[in-house]
Structure formats: C-alpha cells, structure tokens
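Go by the hints and put chain B onto chain A.
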Amino acid sequence: MATMPASASDLLKSFKLKTKQQELLIRVSILCLVYILAFITRLFSVLRYESMIHEFDPYFNYRTTLYLTENGFYDFWNWFDYESWYPLGRIVGGTLYPGLMVTAVLIYRILRFLRFAVHIREVCVLTAPFFASNTTLVAYFFGKEIWDSGAGLVAAILIAVCPGYISRSVAGSYDNEGVAIFALLFTFYVFVKAVNTGSLAWSLASAFGYFYMVSAWGGYVFIINLIPLYVLVLLITGRYSMRLYVAYNCMYILGMLLAMQIRFVGFQHVQSGEHMAAMGVFFLMQVFYFLDWVKHMLSDTKLFQAFLRITVTSAVAVGGIALGLGMVSGYISPWTGRFYSLLDPTYAKDHIPIIASVSEHQPTAWSSFMFDFHILLFLFPAGLYFCFKRLSDATIFIVMYGLTSMYFAGVMVRLILVATPAVCLISAIAVSATVKNLTVLLRSKNKVVQTGSTKGSGGSKSSSKALLDQSQPFQKNGAIALLFGAFYLLSRYATHCTWVTSEAYSSPSIVLAARGAHGNRVIFDDYREAYFWLRQNTPQDAKVMSWWDYGYQITAMGNRAVIVDNNTWNNTHIATVGRAMSSYEDEAIEIIRSLDVDYVLVVFGGVTGYSSDDINKFLWMVRIGGGVFPVIKEPDYLVNGEYRVDKGAAPKMLNCLMYKLCYYRFGEMMTEYGKPPGYDRARGVEIGNKDVKLEHLEEAFTTSNWIVRIYRVKPPNNRW
Amino acid sequence: MAPPAKPITSPVSDAWYPTLALLMLSIGLVVTASFFIYEATSSKRNRCLAKELITGGVASVFLGFGSLFLLLSAGVYV
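Heads up: the protein sequence lines correspond to chains A and B, in order.
Here the first sequence is numbered in our numbering, starting from 1 and rising by one per residue.
Here the second sequence is numbered in our numbering, starting from 721 and rising by one per residue.
Please note that a few of the clues may not be correct.
Quick list of in silico lysine-lysine cross-link-like pairs, BS3-like style, CA-CA up to 27 Å [said to hold, decoys possible]:
no.	chain 1	residue 1	chain 2	residue 2
1	A	Lys-18	B	Lys-764
2	B	Lys-726	A	Lys-18
3	A	Lys-16	B	Lys-764
Hints listed in this document are in silico derivations from the structure and should not be mistaken for laboratory results.
None of these values were measured; they are calculated from a predicted model.
The following block holds chain A by itself, in its conformation from the complex (with noise of 0.2 Å):
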C-alpha cells in the first residue's frame, strides 16, 4: 500500500502546470475572453429592439451589400444607379470604397457553404462587432510588438470595452469604420513588425494591409501621411537602418500600385497633393541609401562632407522644383476641402456649408473626450512618459500615433476614432509598466544593503528579485494601497464604459424610444411605417424629394429614385433641394415640377418633441440653398439674428414650402395638456401660422405619431 500515496502524488504532480504552461494558459483565456467581450458588448441594441441596420450610411451599404450578393462582384463594380439623385444618377462603382460589402459578402459565402443558411442582413449587423474582436486581437500582437506581452493584453481589455471606438461599432452600424480600424491597425502592426525585423515577408503584409485599408475607408489617407512621417523621424533621429529601408520601400511601392486598383481612389497616389509626402519621402530615402553607399566607398571624410552638402541640397532643390511645377501646372491637385478643414478648422465654416453642417464634423467638447475615454485620458501622458524612457523604433512610432491622431481628435469629434488604438496601447504601456513595477517590489525580498543604498533602488526595474530600500520602511504598503488604487480605476473604467454604451452609443437612430407617462417604454417606429407605406403605395416610378439626411434610407427601405441623398456629391443640386424648401409654394412648385417629383418627404418633431426633425435643420438648407441661388437671403428668415417659428417670426418662414409642409393641420392638434392647439413640443413654443392651406400639394400620408410626413405633387390644373 506505499505505492498508492506516491502514484496519487504522482498524478497530482502530473496535473500540476508549470510556470511556462501556466502562463500560455492565462495569456489564452484572457484573450478567448477578451474577444468574446467585445464581441458581446455591442450587442445591447439588438437585444432590446431587434437586428436591424442603423443610422443612415450604413443602409448605403446594406443595398449594395444586397446588390453584390444578388449580381455578382462584376456588375458590383460597374453599377450606375439610376434610382438616386434624378435625374443625374450616380456611378455607384467608380465611388465607393469596396472593401466593407465585399468582406461581408465573403463571410456570407463561407457560411452558406458551410451550410448556415444566415440571411445578408444578419451577417451585415454583426460584421462590426467581429472585426471589433479581431481588433482586439491585433491589439495585443502589437502591444506585444511595442513592450511586451503584459502591455499587450492590457491593451486588447482597453480596446474591447473603450467607448471612442464602440460608438462606430455596434452591432447594426454598418458603416466603413466598423472595417477600417482593424485593417488600420492591422496595417500599423504589420509595418513595426517589418522595420522592427527587417523581412521582405512582413513588409508585404503591410503592403496588403495597405490596400484592404484604402478598399474599405477613405481615412487611408492617414495611413499614408503618418508613415512616410514616422520614416522622416526616424531618418532625422539617426535611427537609418537596411531594416528601414526595406520595410518603406516595399510598402510605399506595393502598396501603392495595389491602392490604384479601387476606381474611386484612383491615381491619387500620384496626383493629389494629400499623398505627395510619401512620395517625397520614398526619394529621400533612396537619397539616404546613396549616400550611406557612397560614404562605405570613399575614405575621405572631408571630401564626404562636402559631397554630402551638395547632393542634399540639390536633392531637396530638385524635390522642391518638381513640387512647385506639379502644383502650378495643376498636375497636383492641392488638398481637399474634407482634409484642408482639418489643418484649418474655419476653412469649411466659411467656404463649404455642406461639411460645415454635419454635426460629426464639429471640434471636440472636453466632455466628448471625458465621456469617451474615462481614465485613459490621464494614462495618455504617463504612458508618453514610458514610452519616451524606452524609445526604440516602435516606440518612436507609438507616440507619433497617439499626438497626431490625439491632435485630429481634438479638430473633429468623429476622428476620436481614429485617435482610440493608439491611446488604449500607450495607456496599456503606462498600465502594464506600472503593475509591474508595484508587483515587483511586492515580490521582492528583504535584503540589507551593506555599500550605499543609491545603487540598490535602481535595481527593482531590471531584476525580478528586487531589493528594497531600507530608507523607506512602508514600500510593501504602499504598493498595496497602489495597487488596490490601479485595480479600482480600472474597474469604475469598466462600468462607466458599459454603462456608456448602454445608454449612449446603442440606439438605431431609425427607431426612437422615450418613457411613457407611467414609466413604461414607449416605441417610436414612425421612420420605418413611412418607408414601407411609400414601398407599398407609390407606383414604381414615384421619385422622392426630401432633405438629403433620409436619401439613403428612402432607397434602401421605400425602394424608390430620391432626388438627392447621403453621398452630397453634387452641391448645386442639393440647394437646388433647399431653394424649394426655402420658397413660398408657388416658385417651390416650379422647381418641383422641374425636378419631375412625385411625393415631398419632411420630418417633423413637434408632436413628439424630437429635436432632429427638419424645422431645426432648416437654416442649413437656407444656408446650402442660399450659397448657391442669391435669391435665398437667411437674414430674410430671421428676426433680429433669431430663428423663431412662433407669432414673432419672419413672414418668410411663416409662409415658405417647408413650413407649410411640418405644420399642416397642426394648428387644431392638442399636444400637450394645458397648452394651446398647436404648441410645437421640439421648439417649445405655440405656432405663428395656423392656418396652412396647400394649392399644389396634397397630404398622402402621415405617421403615427407625425414624426414621418408624405405629401403628393398634384398635376397642374386642366384649366385657369
């Protein structure tokens, strides 16, 4: 009976994992379990309403995303649409950036080969949230890459659950970004990885990773501006190496041609003045490389110099030259409006009323970074500060990062989402560094320190067992109390990020809900109703005229030709769309009879109070109307500089098309008790004009709760 307790011994030993296997085994599970958290952290939309596209691009995306799977990639990529902005159309093909519907389309195709027989638009709501796991993932190989592998899972738990990046990622967001920031920092990743090893092999990822991040995002643009940079600071530290130089070449090359294979990028790499700093770049470096050659030939020091002189000078004069003769002779076009309003943020203000209005393109409030960031705000700098005591080529490249995007977030809220990776991997740094440093001294021993005690602190960063210095006798406390400080941040970071995404960041925007009067949910469902009654009660030909926000969604869901939409590529005719808004009836009639429409579409707010309906949108489409068509004066529907729709308000507004649109029949209407009939709940005040009579147009259809309003064009009269 011995031999029992030491086989049971045995067996216990041969289940107990070593210190090797134990770790793999954490690292593991805390990635299984990072992926499927941030895969199930966008999921609340879905579970509280159903699976549905939200916003208004992605259901651009979801009808060509249809139009793939039902045509093939061939007529995809040829497609001229006819049903929107009539009567120009619009060459779908040649200008959309491909890579989100073919991607869905492929994960599409692969389960239905494996015989999971999923409908498109289940796979289109879920594609974000699993790229948003994937990101995670790419997260830590290039935490790992950047520190080590303790930052790396740091940063893969911050970028699951971080706000900056969930709110263009829930389940049913179907837009590029969802896409775009996994193949962006894909790309980072894979450009470190090459300079940091110098392989042929990973500098040609990143030229793919290139050019799947051109296919699904017009942002490449950063991609394409922060390298070339991150190569000119490396040159200029002294940090040129054979590494360097095959890591960028290959990449600006390669990644180049590839980017010129999609139709609506084109040959910008070679001709828009946004991309020329690559270029420049990419000479500077063979310049480099010719005179490192020639420095190995020649002995001379002194001749060197002065040969290094001349072929620099002549180098950035010719450089400089051929710049100024592209730009002059137009060859080069100078930056666009969407990028210049970025290095100067009046630019758009004053020149381009259509990017001025879109409320994602507004500065950033310091609320909209405290609400998306949580503490990673103030690990941003402490991580700077790691990264800066151990600079080496990636960490160089890190903090490039995270100051230029941290700097194009602060210019416009929509890119905090781009600034997101490189703040959640420079606060991993300062995080992980930090635990480590404070879990070091935990685990060290009490050691007495015969020579001088200046040597003895230095050496709890460098070797595991550590010893402590024997002039502060509470160090074990205090790094208890910190550490119990790390770990309570880090969980108020957790509940703040899912509360916010609950609350904030998980509403479809095409369905509302409010509380009731009792406290019970009540749904608002008016978008849809109106689109389905315009799909099922309209002849086929009908064309739509609306404001260019609801474009996409009347294609998408109403199946019918809009006059203009989303994309606003052509300003003229979107005010075109504001000068009949903006007229009286009799001169808005003409335009509409011009433009052939059939049914006028308004969104009106004030039986609900919901604030995003189009009578507070209304000074934008003056604004566009009036940028274009000198009949349309906005001070015409102001008084005294203020925008009223009340007894007090301009006779022009009281009387223009879009007035009488919202607030037909909506003078009899009791809207809240105690107020008089007619009180607009989203602007708070009693309407001037009550009694709206239509001579041209007749009331088709309205919703519900009259969120959603549809009106009929009637033919001309048979008589006088």
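Just chain B, lined up with the frame of chain A:
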C-alpha cells in the same frame, strides 16, 4: 388502419439541455486547454502521439456534444 404513431421525443429530456451543455462544454474546454498547453510547451522530441490523439479526441467529443446541447437549449433546433 395504421397503428397510432407515438410522438417523437428526444432520448434526453429537455429539462437537462442547459445543464448538459454547461457540463460538457466545461469539461471539453478543460481538456482542450490541456491539449493546447501540451502542444505549445513541449519540444518536438518529448511529444507522445498517443497522448495527443487521445486528448484531442476526448476534447472534440465533449466540445461537440456540448455545442449541440448549447444550440438546442438556445432554441436553435439543429
């Protein structure tokens, strides 16, 4: 006339589905973890083919049944 048909029932009663799913998935995951650790941390010479095959087989059986019961308990009647 044909004899009356008996209703089709599952050999395992539906009340058991969630419990069985949890149990089988957890055992399956534990065995998968052990297989994975064995693969990742042993060098080429130390590996034993029989152990690999047995661990992999047991893990796949448990994970397969576990995912079947998971799908059934969630309402996807595969």
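Please write out, lowest number first, the hints stated earlier that are contradicted by the structure. Of the numbered hints, just 2 does not hold.
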